[in-house]
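These protein sequence lines are chains A and B, in that order. Going by my numbering, the first sequence opens with residue 1, and the numbers climb by one from there. Going by my numbering, the second sequence opens with residue 1, and the numbers climb by one from there.
No wet-lab data here; the hints were simulated from the structure. A quick note: this is a predicted structure, and the numbers were derived from the prediction, not measured. In this text, a Cβ means the ideal position worked out from N, Cα and C, and glycines have one as well. Careful: at least some of the hints might be erroneous.
Here are some of the chain B residues that sit facing chain A, going by a computed Cβ distance under 10 Å [to be verified]:
#1 Thr7
#2 Gln26
#3 Phe27
#4 Asp31
#5 Val32
#6 Glu36
#7 Gly47
#8 Tyr49
#9 Gly50
#10 Val51
#11 Pro52
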Amino acid sequence: MLYDLIIIGGGPAGVTAGIYAARKKLKTLLITKEWGGQITKAKEIYNWPGTKVISGMELIKQMTDQLKTFGIEIKENREVIDLDKKGDNFIVRDNDQEYEAKAVIIATGKIPRALNIPGEAQFRGKGVSFCATCDAPLFKNKTVAVIGGGNAGFALAVDLVDYAKKIYILEFFEEMKGDLVTKEKLEKTGKVEFIVNAAVKEIKGSKPAPYRAEGSGSGFVESLIYEDMKTSKDHEIKVDGVFIAVGMMAKAEFAAKLVELNQIGEIVIDKDNYTKTPGVFVAGDISDIKYEQLVIACGEGAKAALAATDYLKNKQ
Amino acid sequence: MVKVYSTPTCPYCVTLKNFLKEHNIQFEDIDVSQNELAQKEMIEKSGQYGVPVVDIDGQIIVGFDQDRIKQLLKIKD
Chain A
1 MLYDLIIIGG GPAGVTAGIY AARKKLKTLL ITKEWGGQIT KAKEIYNWPG
51 TKVISGMELI KQMTDQLKTF GIEIKENREV IDLDKKGDNF IVRDNDQEYE
101 AKAVIIATGK IPRALNIPGE AQFRGKGVSF CATCDAPLFK NKTVAVIGGG
151 NAGFALAVDL VDYAKKIYIL EFFEEMKGDL VTKEKLEKTG KVEFIVNAAV
201 KEIKGSKPAP YRAEGSGSGF VESLIYEDMK TSKDHEIKVD GVFIAVGMMA
251 KAEFAAKLVE LNQIGEIVID KDNYTKTPGV FVAGDISDIK YEQLVIACGE
301 GAKAALAATD YLKNKQ
Chain B
1 MVKVYSTPTC PYCVTLKNFL KEHNIQFEDI DVSQNELAQK EMIEKSGQYG
51 VPVVDIDGQI IVGFDQDRIK QLLKIKD
């Protein structure tokens with residue numbers, strides 16, 4: 001089977017690219033690990049023109065429902081691990097099989113950046129979480145730490161403040177980076193303690209209980225160690241949960257043979273979404289465009305699909 | 001018997017429940033944000049402080065692991 005176009009990614013950029021490609025009657029396959037990506041974690045979206053407020057989950061459901069009415073081919077729950085050339089065409093390989101297409105759009109977005117400190121991976125799901133929207137209710141009357149004092153960290157704290165009895169927000173730099181309005185709101189609850197100049201070094205926890213489900217090799221988070229960079233002294237605080245919000249990360253190594261990556265791993269594109277390899281287009285947060293917003297990702301998806309359409313036409 | 005432990009605001013829980021509905025799988029939906037006893041039960045069963053957790057006839061699956069859920073429920077593509 002030879003496709004005209006393979007779209008990799010099912011977030012706002014990929015879904016929009018899919019809608020445009022379908023309307024251009026391109027023989028299209030969309031491969032995605034999941035639908036929505038980052039936007040699914042947004043509880044309330046106020047800047048989607050035409051809709052006063054909508055949850056990320058609801059919006060992406062509407063988008064994918066719309067996409068599915070066009071009848072393009074879709075592979076869900078598949079992670080692409082390699083992209084390569086084959087003559088004039090491209091081979092996309094996922095964890096299951098490989099596909100061939102005349103053009104490709106990469107729209108895989110970004111994932112939360114990890115701290116890469118001891119205990120973080122070990123206690124993931126055992127107190128360490130990247131999604132307060134998901135897990136906040138499990139921390140009722142508990143003490144938690146939020147790592148990252150930017151708006152993302154503040155948003156986690158806002159989700160947690162209804163449940164937790166105490167929240168530490170730890171920021172690496174000299175001051176909190178998040179909006180002052182939110183900071184004041186958090187201060188008013190009396191539950192939040194802000195700690196700056198804090199380099200988090202380790203997450204510690206308990207040994208596992210005798211019976212545990214398969215694959216769960218440790219107990220639960222019990223404390224966190226950070227260094228106060230002003231005094232160079234280590235401090236240990238007792239916490240039941242650690243929520244991490246230290247930015248997002250691009251992961252585009254699977255395409256590295258055909259595209260140029262910048263210093264932070266984003267794919268370099270021109271204004272029409274072309275990469276250095278004709279036929280490989282990129283849309284949304286995985287590209288090196290400056291502003292990363294829902295509405296921009298959709299626009300970039302549309303642009304990439306139109307550029308791919310022109311590319312295919314000129315090739316004939 | 002299929003039990004889903006979830007919270008109303010968790011995107012993966014919604015995706016998981018939609019998936020089960022699409023495949024006509026009956027399940028008990030347990031909102032652990034409202035039910036502390038069930039929350040404890042979930043954490044004990046799974047060794048996990050996160051949602052969703054699925055209990056399929058005593059087999060515990062953490063997160064929306066579509067392949068494993070398909071396998072246990074014998075769902076074909």
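We went through each hint and held it up to the structure:
Interface hint at B/Thr7: satisfied, since its Cβ lies 5 Å from the closest Cβ of chain A, which is below the 10 Å cut-off. With 10 Å as the threshold, the beta carbon of B/Gln26 stays out of range of chain A, its nearest partner Cβ sitting at about 22 Å, so the hint is violated. Annotation: interface hint on B/Phe27 violated; nearest CB of chain A at approximately 18 Å, more than 10 Å. This hint holds: B/Asp31 has a C-beta 9 Å from the nearest C-beta of chain A, less than the 10 Å allowed.
Evaluation of the B/Val32 hint against chain A yields a held restraint, the C-beta minimum of about 6 Å falling below 10 Å. Annotation: interface hint on B/Glu36 holds; nearest CB of chain A at approximately 7 Å, less than 10 Å. Nearest Cβ of chain A to the Cβ of B/Gly47: about 4 Å, under the 10 Å cut. The hint holds. A hinted interface residue such as B/Tyr49 counts as satisfied when its beta carbon comes closer than 10 Å to some beta carbon of chain A; here the least separation is about 5 Å, so the hint holds.
Annotation: B/Gly50 was flagged as interfacial toward chain A, and the flag holds, the nearest CB pair being 4 Å apart, inside 10 Å. Because the beta carbon of B/Val51 sits about 6 Å from the nearest beta carbon in chain A, less than 10 Å, this interface hint is met. Checking B/Pro52 against chain A by beta carbon gives a least distance of about 8 Å; that is within 10 Å, so the hint holds.
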